[in-house]
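Start from the sequences and build out the full structure, keeping to the hints where you can.
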Amino acid sequence: MSTFLSGVAVLLSTLALGCSGYVAYEVFTLRQTLNATNTASNTIPTQVPSPTTSPQTTNSPSPATATTSAINPGQFVQPAFGKKAEVELLSAKRIKDPETGNRDVVNLQMRIRRLATDGVVGGNIISVASTTARNPETSVTYKGVALNRSTGSVSLFQVRPQASADAYIWLRVPDGVNNLDIFVPDTAAFKNVPISN
53 MSTFLSGVAV LLSTLALGCS GYVAYEVFTL RQTLNATNTA SNTIPTQVPS
103 PTTSPQTTNS PSPATATTSA INPGQFVQPA FGKKAEVELL SAKRIKDPET
153 GNRDVVNLQM RIRRLATDGV VGGNIISVAS TTARNPETSV TYKGVALNRS
203 TGSVSLFQVR PQASADAYIW LRVPDGVNNL DIFVPDTAAF KNVPISN
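Anchor point for the sequence shown: position 167 equals 219 in the numbering used here, and the numbering is continuous, going up by one each time.
No wet-lab data here; the hints were simulated from the structure.
Possibly wrong hints are sitting among the right ones.
What the hints assert, rightly or not - Here are the computed distance ranges between Cβ atoms for each label pair:
| no. | residue 1 | residue 2 | range |
| --- | --- | --- | --- |
| 1 | S58 | N231 | 51 to 61 Å |
| 2 | P237 | S58 | 20 to 30 Å |
| 3 | K243 | V62 | 44 to 54 Å |
| 4 | P246 | V62 | 48 to 58 Å |
| 5 | F235 | G171 | 35 to 45 Å |
Cβ coordinates follow ideal geometry from the N, Cα and C atoms, glycine included.
Here you go:
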């Protein structure tokens, strides 16, 4: 019986190690992609590329007026998972949907910083893809465009203390809405966030 339990324990340990390695690889890949995107955004207004985006759709940047962000550094920072982490909104820019050509998409970029040195567990995951927004005037709620238009999830367990991971999501927000309340899972709400055009 003890041999069987030992075998099960070894199998579960191996699975956990494999899952941790996969998550670490995904976070590394995400950071590389976002670093490349952030470098490009210093020169032209861009939309965050997606693996499924064809080269033709990336040739339709937003107007030149979108080069300035309405969000100042440190303006929108909220705690996540109590005081284990914090989420900072970097930008909320209106972009053109490459599939429809409509300007009803907001590219929301954020930085998730782990603050805690201990007490962070594998279940402390911020599901960026589940982020929603609300019109503060009408209370209408807006959701993400699609799963492939988001970084998915960020595991605090995989982020070193005092380190951060950048993430993004595309939200479907009708043209003409200029401010949003933003709700990132397990994070305090962001109120009246301006959208840059």
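Original post:
Using the C-beta atoms of S58 and N231, is the stated range 51 to 61 Å upheld?
Top reply: 58 Å, holds
Original post:
Does the Cβ pair K243, V62 satisfy 44 to 54 Å?
Top reply: 50 Å, holds
Original post:
Holds or violated: 48 to 58 Å for the Cβ distance of P246 and V62?
Top reply: For V62 against P246, whose Cβ atoms are near 54 Å apart, the range 48 to 58 Å holds.
Original post:
Does 20 to 30 Å hold as the CB distance between P237 and S58, or does it fail?
Top reply: 38 Å, violated
Subject >> Beta-carbon spacing of F235 to G171 - inside the hinted bounds 35 to 45 Å or not >> reply: 24 Å, violated
In this structure, the hints that do not hold are numbers 2, 5, in rising order.
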